[in-house]
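Fit chain G to the supplied structure of chain U, relying on the hints for placement.
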Amino acid sequence: AQSVSQHNHHVILSEAASLELGCNYSYGGTVNLFWYVQYPGQHLQLLLKYFSGDPLVKGIKGFEAEFIKSKFSFNLRKPSVQWSDTAEYFCAVIPFSGGYNKLIFGAGTRLAVHP
Amino acid sequence: DVKVTQSSRYLVKRTGEKVFLECVQDMDHENMFWYRQDPGLGLRLIYFSYDVKMKEKGDIPEGYSVSREKKERFSLILESASTNQTSMYLCASSDPGLAGTDTQYFGPGTRLTVL
Chain U
396 AQSVSQHNHH VILSEAASLE LGCNYSYGGT VNLFWYVQYP GQHLQLLLKY
446 FSGDPLVKGI KGFEAEFIKS KFSFNLRKPS VQWSDTAEYF CAVIPFSGGY
496 NKLIFGAGTR LAVHP
Chain G
403 DVKVTQSSRY LVKRTGEKVF LECVQDMDHE NMFWYRQDPG LGLRLIYFSY
453 DVKMKEKGDI PEGYSVSREK KERFSLILES ASTNQTSMYL CASSDPGLAG
503 TDTQYFGPGT RLTVL
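So the protein lines, in turn, are chains U and G. Number 510 marks the last residue of the first sequence (this note's numbering); no jumps. Number 517 marks the last residue of the second sequence (this note's numbering); no jumps.
Honestly, the hints are just simulated from the structure, not real lab data. Incorrect hints may have been included.
[Stated by the list, open to error] Covered stretches of chain U (chain G as the covering partner; in silico rule of three or more C-beta atoms under 8 Å from a C-beta of chain G):
no.	stretch
1	436-443
2	496-503
[As the list claims (entries may be wrong)] Residues from chain G that keep clear of chain U, each with C-beta distances beyond 12 Å, as calculated:
no.	residue
3	K415
4	R416
5	R470
6	E471
7	K473
8	V516
Backbone N, C-alpha and C fix where the C-beta goes; we use that ideal spot for every residue, glycine too.
Isolated chain U (complex conformation) (with noise of 0.2 Å):
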């Protein structure tokens, strides 16, 4: 079946320090890729997305993520973070595989960043 692993559940970083956000996701054809944040109490949204092209993607909020397709990975960046970078991070994948394509969630990393 489908997957998408996020390797780590919990990471916890002081403001300033770098981040990576591991993705790997199990399927072997064409897929688009996304990375949604879920900031303490509110909703879902969309941190960026990867449909073609340059397989650098920016985001939102000084975030970025490389796909490389040789090792079905697609890690989420950001230089330095803020103390506003406290969240729930989560990878997801739409998986071309032919009726609706439907988006397929990791299991999120909870990011706690300290002041």
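Only chain G this time, still in chain U's reference frame:
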């Protein structure tokens, strides 16, 4: 801005009760979705609808049904609530873009507790 609203933020029900969760979107989106979000499992798709009166099973439809009588409204029904349905329920909507390119917009969620 797209707005997806859910009828309740918190709901407490008893085992065996029939439960209705309502979702309304104001962007004339074709597609609507119901997910449940559980710690360590991410979001799992229960049902989705790509048109009025149309519905498709997601990955975990057992114990749930849905209704879409109007384009803007998508209801999730728990026919006989059980304790293992205690969860956070998220509604989402999207417009169908080219295959797999539709971005889903999420509501604030309903935290359902079944006693």
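Consistency of the hints with the structure:
no., hint, verdict
1, 436-443, "holds (count 5)"
2, 496-503, "holds (count 7)"
3, K415, "holds, 22 Å"
4, R416, "holds, 27 Å"
5, R470, "holds, 15 Å"
6, E471, "holds, 21 Å"
7, K473, "holds, 17 Å"
8, V516, "holds, 22 Å"
Violated hints: none; the structure is consistent with every hint.
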